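Asks: Below are the chains, spelled out letter by letter.
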Amino acid sequence: NAGVTQTPKFQVLKTGQSMTLQCAQDMNHNSMYWYRQDPGMGLRLIYYSASEGTTDKGEVPNGYNVSRLNKREFSLRLESAAPSQTSVYFCASSDWLGATQYFGPGTRLLVL
Amino acid sequence: EDQVTQSPEALRLQEGESSSLNCSYTVSGLRGLFWYRQDPGKGPEFLFTLYSAGEEKEKERLKATLTKKESFLHITAPKPEDSATYLCAVRDDYKLSFGAGTTVTVRA
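Keeping their order, the protein sequence lines are chains A and B. Quick note: the first sequence uses my numbering, first residue 1, plus one each step. Quick note: the second sequence uses my numbering, first residue 1, plus one each step.
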């Protein structure tokens, strides 16, 4: 089992460019999450999906959109990247909403 | 609003020198406290979940305890491979709120 996988591992964007971060899990989990991690701050929830077909905003959703493509995949899209979105992005999944979350390896994003 | 504060921010230990990390929290209704380990450049790795005051969990040199207002992660006789950032998170309803972490460096 690969667990939670994320692509790409690293990306550099120019301000205004768009991109999609991909996440997949093979643990048959129902719930999936997107976080960002910035120096000196805890992980902050961007969006989550309680189950296939549902998505909801987290703590810091502005500038992002998500798609729960199927039970395995949950993508995060930046429509017009800004330097403030420079961060490390983590995807996580859990058996149900609120259960123990398991994290992917992260995507490091630099917006110039 | 839920708050999670971890202290100290950084901890430097000599191999074999036991110590404790603190996670204090304010939450309206605690439904779980989670400890994760994060290595540089990696995602957080789950360690423990604690649900009620007085509960303890152990894994190798790590022991987590919980009171009504805080949790401690005790590292007994640490080794260099225990060097990592340790994250604490509390669950209120469905959402996890994370602390900023304690970075532990263990020197041989």
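No lab work stands behind these hints: they were computed from the structure. In this text the structure is predicted, and so the values were computed from the model without any measurement. Each hint should be verified, as a subset may be incorrect.
With a straight-line cut-off of 30 Å between C-alpha atoms, the simulated DSBU-like cross-links for lysine-lysine are [what the hints assert, rightly or not]:
no.: 1; chain 1: B; residue 1: Lys57; chain 2: B; residue 2: Lys68
no.: 2; chain 1: B; residue 1: Lys42; chain 2: A; residue 2: Lys14
no.: 3; chain 1: B; residue 1: Lys42; chain 2: A; residue 2: Lys9
no.: 4; chain 1: B; residue 1: Lys79; chain 2: A; residue 2: Lys57
no.: 5; chain 1: B; residue 1: Lys42; chain 2: B; residue 2: Lys59
no.: 6; chain 1: A; residue 1: Lys57; chain 2: B; residue 2: Lys95
no.: 7; chain 1: B; residue 1: Lys79; chain 2: B; residue 2: Lys57
no.: 8; chain 1: A; residue 1: Lys14; chain 2: A; residue 2: Lys57
no.: 9; chain 1: B; residue 1: Lys63; chain 2: B; residue 2: Lys79
no.: 10; chain 1: A; residue 1: Lys57; chain 2: B; residue 2: Lys59
no.: 11; chain 1: B; residue 1: Lys69; chain 2: B; residue 2: Lys59
no.: 12; chain 1: B; residue 1: Lys95; chain 2: A; residue 2: Lys9
no.: 13; chain 1: B; residue 1: Lys63; chain 2: A; residue 2: Lys71
no.: 14; chain 1: B; residue 1: Lys79; chain 2: B; residue 2: Lys95
no.: 15; chain 1: B; residue 1: Lys79; chain 2: B; residue 2: Lys59
no.: 16; chain 1: B; residue 1: Lys42; chain 2: B; residue 2: Lys79
no.: 17; chain 1: B; residue 1: Lys57; chain 2: B; residue 2: Lys69
no.: 18; chain 1: A; residue 1: Lys71; chain 2: B; residue 2: Lys95
From the derived model, a few chain B residues whose C-beta atoms are all more than 10 Å from chain A [to be verified]:
no.: 19; residue: Arg12
no.: 20; residue: Ser19
no.: 21; residue: Gly32
no.: 22; residue: Gly41
no.: 23; residue: Glu45
no.: 24; residue: Thr49
no.: 25; residue: Ser52
no.: 26; residue: Glu60
no.: 27; residue: Asp93
no.: 28; residue: Ser97
By construction, the Cβ of each residue, glycine as well, lies at the ideal position given by its N, Cα and C atoms.
Asks: Compare the structure with each hint and give your call.
Replies: Hint by hint, here is what the structure shows:
1. The hinted pair formed by B:Lys57 and B:Lys68 meets the criterion: a straight-line CA distance of about 16 Å does not exceed 30 Å.
2. Among the hinted pairs, B:Lys42 with A:Lys14 is consistent with the structure: their alpha-carbon atoms are about 25 Å apart, no more than 30 Å.
3. Of the pairs offered as hints, the one joining B:Lys42 and A:Lys9 holds, with about 10 Å between alpha carbons and a cut-off of 30 Å not exceeded.
4. At roughly 41 Å between alpha-carbon atoms, B:Lys79 and A:Lys57 are farther apart than 30 Å, so this suggested pair is violated.
5. Simply put, B:Lys42 and B:Lys59 have alpha-carbon atoms about 20 Å apart, close enough for the 30 Å limit, and the pair holds.
6. Distance check on the hinted pair: A:Lys57 and B:Lys95 sit about 11 Å apart at the alpha-carbon level, within 30 Å; holds.
7. About 19 Å separates the Cα atoms of B:Lys79 and B:Lys57, which keeps this hinted pair within 30 Å; it holds.
8. A distance of roughly 25 Å separates the Cα atoms of A:Lys14 and A:Lys57; the hinted pair therefore holds under the 30 Å criterion.
9. For the given pair, B:Lys63 sits about 15 Å from B:Lys79 by alpha-carbon distance, which is consistent with the 30 Å threshold.
10. For the given pair, A:Lys57 sits about 35 Å from B:Lys59 by alpha-carbon distance, which is inconsistent with the 30 Å threshold.
11. As the CA atoms of B:Lys69 and B:Lys59 are separated by approximately 22 Å, the hinted pair is consistent with the 30 Å bound.
12. With a C-alpha separation of about 26 Å, the suggested pair B:Lys95 and A:Lys9 falls inside the 30 Å cut-off, and the hint holds.
13. Distance hint between B:Lys63 and A:Lys71 is unfulfilled; the C-alpha atoms sit about 35 Å from each other, more than 30 Å.
14. Proposed proximity of B:Lys79 and B:Lys95 is contradicted: the alpha carbons are some 33 Å apart, above 30 Å.
15. For the given pair, B:Lys79 sits about 14 Å from B:Lys59 by alpha-carbon distance, which is consistent with the 30 Å threshold.
16. Taking the CA atoms of B:Lys42 and B:Lys79, the gap is near 20 Å; set against the 30 Å cutoff, the hint holds.
17. Restraint check for B:Lys57 and B:Lys69: satisfied, since their Cα atoms lie roughly 17 Å apart, inside the 30 Å limit.
18. Among the hinted pairs, A:Lys71 with B:Lys95 is consistent with the structure: their alpha-carbon atoms are about 20 Å apart, no more than 30 Å.
19. The beta carbon of B:Arg12 is kept farther than 10 Å from every beta carbon of chain A, the shortest such distance being approximately 18 Å.
20. With a minimum CB-CB distance of about 21 Å to chain A, B:Ser19 clears the 10 Å threshold, and the non-interface call stands.
21. Non-interface call for B:Gly32 relative to chain A: violated, since the shortest CB-CB distance, roughly 8 Å, does not exceed 10 Å.
22. For B:Gly41, the requirement that its beta carbon stay farther than 10 Å from each beta carbon of chain A is not met, with the minimum near 8 Å.
23. Here B:Glu45 does not stay apart from chain A, with its beta-carbon only about 7 Å from theirs, under the 10 Å limit.
24. Once the 10 Å rule is applied to beta carbons, B:Thr49 is inconsistent with being away from chain A; the minimum gap is 6 Å.
25. At the 10 Å boundary, the C-beta of B:Ser52 stays outside the reach of chain A, the nearest C-beta of that chain being 16 Å off.
26. Residue-level check passed: B:Glu60 sits 19 Å from the nearest beta carbon of chain A, beyond 10 Å.
27. Interface exclusion of B:Asp93 from chain A breaks down, the closest Cβ pair being 7 Å apart, not more than 10 Å.
28. For B:Ser97, the shortest C-beta to C-beta distance to chain A comes to about 7 Å, within the 10 Å cut-off, and the non-interface label is violated.
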